[in-house]
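Going by this note's numbering, the letters in the sequence shown line up with residues -8 to 216, in that order.
Wrong hints could be hidden among the right ones.
As the list claims (entries may be wrong) - For lysine to aspartate or glutamate, the following EDC-like pairs were computed, each having C-alpha atoms within a straight-line distance of at most 20 Å:
| no. | residue 1 | residue 2 |
| --- | --- | --- |
| 1 | Lys92 | Asp1 |
| 2 | Lys104 | Asp63 |
| 3 | Lys(-6) | Asp63 |
| 4 | Lys(-6) | Glu48 |
| 5 | Lys26 | Glu98 |
| 6 | Lys(-6) | Glu98 |
| 7 | Lys92 | Asp201 |
| 8 | Lys92 | Asp50 |
| 9 | Lys(-6) | Glu6 |
| 10 | Lys26 | Glu6 |
| 11 | Lys92 | Asp0 |
| 12 | Lys(-6) | Asp24 |
To be verified - Here are the in silico distance ranges between beta carbons for each label pair:
| no. | residue 1 | residue 2 | range |
| --- | --- | --- | --- |
| 13 | Val7 | Asp50 | 19 to 25 Å |
| 14 | Phe10 | Leu198 | 39 to 45 Å |
| 15 | His3 | Arg56 | 24 to 30 Å |
| 16 | Ala215 | Gln18 | 25 to 31 Å |
| 17 | Glu6 | Asp166 | 33 to 39 Å |
| 18 | Ala132 | Ala2 | 36 to 42 Å |
| 19 | Ala53 | Ala215 | 24 to 30 Å |
| 20 | Pro47 | Gly16 | 31 to 37 Å |
| 21 | Glu35 | Lys92 | 23 to 29 Å |
| 22 | Asp141 | Arg56 | 17 to 23 Å |
| 23 | Gly199 | Phe94 | 37 to 43 Å |
| 24 | Glu6 | Asp50 | 18 to 24 Å |
| 25 | Ala193 | Ala157 | 17 to 23 Å |
| 26 | Gly199 | Ala53 | 28 to 34 Å |
Just so you know, these hints were derived from the structure itself, not from any lab. We put the CB at the ideal spot given by N, CA and C, even for glycine.
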Amino acid sequence: MHKVLVVDDDAHIREVVCFALRRAGYQPLGAADGKAGLEMAARELPALVILDILMPELDGTAVCRRLRAVSDVPVIFLTSKDEEMDRILGLELGADDYVVKPFSPGELMARVKAVLRRRVSAAPAGSERLVRGALVIDLEAHTASWAGTDVALTATEFSLLKAIAAQPRRAFTRDNLMTAAYANARFVSDRTIDSHVRHIRAKFQALGGDPIETVHGVGYKLAAG
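From just these sequences and the hints, can you work out the full model?
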């Protein structure tokens, strides 16, 4: 049974989400603020964190930054702001998905299942690693490295990079990548895909590499070499 941590200062929302998680077969954990959430994440090692972006003192963006410094646990943001920049900020911080309040518990559970499915997806039969020059993707361990140095990717980032690396000659449209990385692509915008790709590239560029190339007017492909 997967542990899922819900961090939200609204007790009613925590109760509703925890109830939905329990009904869906997960073990819910609740925290009323960011500090308590970080302490519980370190202690319980949840499989996924549902994180409110607007909280007093330590808000969701600060919590996500601290989580990402020590862990690649999947994160789904809850936000009451239906503003594109607010959502993009969350994705830039390394969140795997976001849900705008008010939301239906059914929609949130669909997002949880999709993110965890990507996280634990089995490696394709007969292929345990993708080696593309300095880029190595270990499909079984769900890890990626550049020139021997590990690169911490979120579940969604890993799914996107794996899809691109699996077909190195193909130019992917954003719709192609939505299908590869999301179970229900209708929830996802082109800007969401662009944000994830930008985040992936920044992580590899910090190591002196870049595995993804922009194909103008189309989308993205694996970079040559």
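> Broken hints, numbered, in rising order?
Replying inline: 4, 5, 7, 16 and 19
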